[in-house]
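Protein chains: 2
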Amino acid sequence: MKFSFELLKTDKTGARLGRMSTPHGEFATPVFMPVGTKAAVKAVSPEELEAAGAGIILANTYHLYLRPGHELIRDLGGLHSFMHWAGPILTDSGGFQVFSLGKLRQLDETGVSFRSHLDGAKCTLTPESAIEVQEALGADIIMPLDECTPYPAEREYAVNSMNLTHRWALRCKKAKKDNGQALFGIVQGGMYEDLRRESAKAVTEIGFDGYALGGLSVGEEKPLMYGIIARSAPLLPAASPRYLMGVGTPEDLVYAVEHGIDMFDCVMPTRNARNGTLFTRSGKLVIKNGQYEKDSRPVEDGCGCYTCGNYSRAYLRHLYMSGEMLGSRLNTIHNLFYYAALMRQMQRAIKEDAFAQFKRGFYSGLERP
Amino acid sequence: MKFSFELLKTDKTGARLGRMSTPHGEFATPVFMPVGTKAAVKAVSPEELEAAGAGIILANTYHLYLRPGHELIRDLGGLHSFMHWAGPILTDSGGFQVFSLGKLRQLDETGVSFRSHLDGAKCTLTPESAIEVQEALGADIIMPLDECTPYPAEREYAVNSMNLTHRWALRCKKAKKDNGQALFGIVQGGMYEDLRRESAKAVTEIGFDGYALGGLSVGEEKPLMYGIIARSAPLLPAASPRYLMGVGTPEDLVYAVEHGIDMFDCVMPTRNARNGTLFTRSGKLVIKNGQYEKDSRPVEDGCGCYTCGNYSRAYLRHLYMSGEMLGSRLNTIHNLFYYAALMRQMQRAIKEDAFAQFKRGFYSGLERP
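Read top to bottom, the protein sequences are chains W and F. Under the numbering used here, the residue at position 345 of the first sequence is numbered 345, and the numbers go up by one with no gaps. Under the numbering used here, the residue at position 332 of the second sequence is numbered 332, and the numbers go up by one with no gaps.
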């Protein structure tokens with residue numbers, strides 16, 4: 001199967017229902033991608049991911065490049081085979097991780113040099129090598145190397161950073177083989193709306209299989225992020241998928257879907273699960289709280305996940321307090337199911353042109369005690 | 001179903017094939033019980049335990065008494081329901097764990113006082129309360145409180161310790177309700193063969209549903225342990241199940257089965273798994289070793305476990321090196337499958353009166369590079 005995206009429906013709010021096809025299967029959008037940084041979504045198996053409703057997962061170029069190495073993964077048949085996940089995969093380019101290294105990295109026109117967080121070894125990624133690494137990994141959707149503009153950033157910095165990202169995007173597109181992998185473009189521009197507009201235009205002109213908003217959820221206030229999302233998404237081609245990188249909470253997802261975003265990734269459901277925070281229709285449930293000590297109910301009544309079907313809050317609390325890794329796993333299964341169910345509910349609402357109504361129900365649910 | 005044990009066959013070596021029935025199901029012996037100390041076999045789900053061939057699991061009275069508390073578990077429907085394991089469970093009495101506390105415990109005729117390893121709170125267990133706790137937990141097979149005689153121990157200490165264990169055993173039997181739970185007796189006597197003989201006689205005279213050898217694998221040399229096993233097992237009633245507590249390696253199991261032991265528990269397959277040590281027909285495989293870096297083979301060719309069916313040594317090594325908990329889980333699945341398969345092989349060999357032949361094959365397998 002080749003990569004394709006079909007926009008099936010746009011709700012009157014602007015929320016979009018779509019269908020994405022990739023060499024490893026298709027899925028409906030809006031979609032949430034669980035994060036499998038090191039070729040494993042922490043604590044869960046591929047079968048559990050599938051049962052939790054994950055249609056596509058994300059893996060991390062930066063981490064896999066450092067360990068075990070992209071050539072090793074390629075020689076073992078590629079990322080899908082290596083991690084026993086037969087469905088679609090997106091790899092990010094490593095831009096965000098390199099950005100996170102702060103002073104450990106040096107950036108110039110050619111690319112980025114950095115010290116491995118594992119052993120301090122000097123490494124480099126160029127736009128060309130980032131593509132090469134991702135071609136070796138063999139994900140269905142790959143991302144160009146970009147500079148994730150930090151926040152706050154002076155306008156001059158944001159301009160230069162954005163322009164570098166554009167030049168790199170062009171180099172990535174040129175370097176990429178015609179091998180069936182989809183390549184998305186990344187819009188930067190910091191928190192400057194005019195730069196976001198300029199970036200959307202530049203990246204669209206280069207032309208990609210999909211478009212991502214990068215450089216958000218990097219420390220800015222929510223209203224600022226929401227403003228950028230609301231005003232950037234409509235600048236992207238309606239016929240192409242729109243991916244909001246690294247975001248976010250259930251509320252963020254509902255907001256962004258309403259404003260026309262189709263794809264998301266975030267460590268929140270998986271990381272929070274390991275910290276004992278569970279998502280429910282009525283908000284977060286912190287499993288270590290004493291109130292759940294003898295609570296025989298599932299995390300969420302009516303939830304269809306394996307965890308809620310078989311375990312009580314009291315047991316999950318016990319596992320958490322006892323440091324049993326089974327707890328991380330059961331919590332992760334629930335949170336990923338919650339995120340996938342939320343996306344399915346949004347898909348249905350869009351189909352029925354009832355997104356505004358869905359949103360009201362979503363927020364009134366959160367207000368319940 | 002009530003508790004019962006049927007001795008189906010004794011091989012010419014002395015190895016025994018049996019069938020045990022419990023209120024939560026039946027299983028063939030010799031059997032290995034995976035250890036679920038805190039109401040969870042570390043890193044795996046009940047479904048995975050079942051798929052790995054576990055017929056009965058062990059949980060820990062001491063740990064569950066301290067956290068989350070036996071009354072909580074009773075109020076939530078008992079241990080089976082709490083941990084979502086529908087099969088047979090054996091709970092040990094806490095004797096061994098209290099023994100492990102060393103100077104943190106005080107022993108007298110009434111019972112044992114100790115400081116909780118969790119919060120330092122003062123706790124006591126008496127023979128009667130150990131039974132009460134285990135009745136609240138609701139395991140299929142429960143154990144009396146005993147003193148696990150340390151090694152080395154002066155003869156006088158071993159005599160007194162053994163006699164205390166006998167008096168406690170009687171109190172446990174008297175305290176126990178007629179509720180369908182089976183109660184086993186524990187033979188102590190340190191490394192003194194005559195005391196072991198005396199203990200076997202005393203415990204048998206009290207009369208239990210099964211008999212355990214306690215106080216082994218506590219630091220003594222293997223030949224010493226093997227001698228005690230070989231000479232103690234035949235002293236126990238042939239018609240009752242014989243349980244060797246806390247042992248051991250695959251070699252230990254093969255040795256003890258040959259000498260008439262029916263049941264085992266040990267943290268070895270699960271703990272070693274988390275440390276990256278995998279059991280195979282040809283010995284231990286240490287997954288972090290560099291030789292497995294690019295090894296596309298499963299842990300063991302022909303192994304029927306989920307891990308070997310879907311993942312390479314290279315991937316398991318990557319998970320181990322990356323600290324991904326999925327690695328602990330996949331390794332645990334393999335090791336438990338290996339142990340269960342070993343028990344099945346022994347059962348088959350006994351059935352065919354071919355245990356000696358099985359043993360030769362087992363050891364020649366270990367010698368293979």
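Incorrect hints may have been included.
Because identical chains cannot be distinguished in the list, a pair is counted as satisfied if it fits within a single copy or across any two copies.
With a Cα cut of at most 30 Å, we get these calculated DSS-like pairs of lysine-lysine [claimed, not checked]:
id, residue 1, residue 2
1, Lys122, Lys284
2, Lys201, Lys284
3, Lys294, Lys12
4, Lys284, Lys174
5, Lys359, Lys103
6, Lys2, Lys173
7, Lys351, Lys103
8, Lys294, Lys176
9, Lys174, Lys2
10, Lys222, Lys2
11, Lys9, Lys222
Hints are computed from structural coordinates only; laboratory data are not their basis. Nothing here was measured: the structure is a model prediction, and the numbers come from that model.
Okay, the hints, checked on the actual structure:
Taking CA atoms no more than 30 Å apart as the test, Lys122 paired with Lys284 passes in neither setting, with 41 Å inside one copy and 36 Å between copies. Proximity of Lys201 and Lys284 under a CA criterion of 30 Å is satisfied in neither setting, with 39 Å inside one chain copy and 59 Å between copies. In this assembly of identical chains, Lys294 and Lys12 lie within 30 Å of each other by CA distance neither inside one copy nor across copies; the values are 46 Å within and 53 Å between. For a Cα distance limit of 30 Å, the shortest separation of Lys284 from Lys174 qualifies neither inside one copy, at 45 Å, nor across copies, at 49 Å.
For the identical chains of this complex, Lys359 and Lys103 are neighbours neither inside a copy (42 Å) nor across copies (61 Å), given an alpha-carbon limit of 30 Å. In this homomeric assembly, Lys2 and Lys173 come within 30 Å of each other (Cα to Cα) only inside a single copy, at 18 Å, whereas the closest approach across copies is 71 Å. When the C-alpha separation of Lys351 and Lys103 is checked against a cutoff of 30 Å, the pair qualifies neither within a copy, at 47 Å, nor between copies, at 68 Å. In this assembly of identical chains, Lys294 and Lys176 lie within 30 Å of each other by CA distance solely across copies; the values are 27 Å between and 56 Å within a copy.
In this assembly of identical chains, Lys174 and Lys2 lie within 30 Å of each other by CA distance solely inside one copy; the values are 20 Å within and 73 Å between copies. For the homomeric pair Lys222 and Lys2, neither the shortest alpha-carbon distance inside one copy (37 Å) nor that between copies (62 Å) is at most 30 Å. Proximity of Lys9 to Lys222 under the C-alpha cut-off of 30 Å is restricted to the intra-copy arrangement: shortest distance 28 Å within a copy versus 72 Å between copies.
The structure does not agree with the numbered hints 1, 2, 3, 4, 5, 7 and 10 stated previously, though it agrees with the rest.
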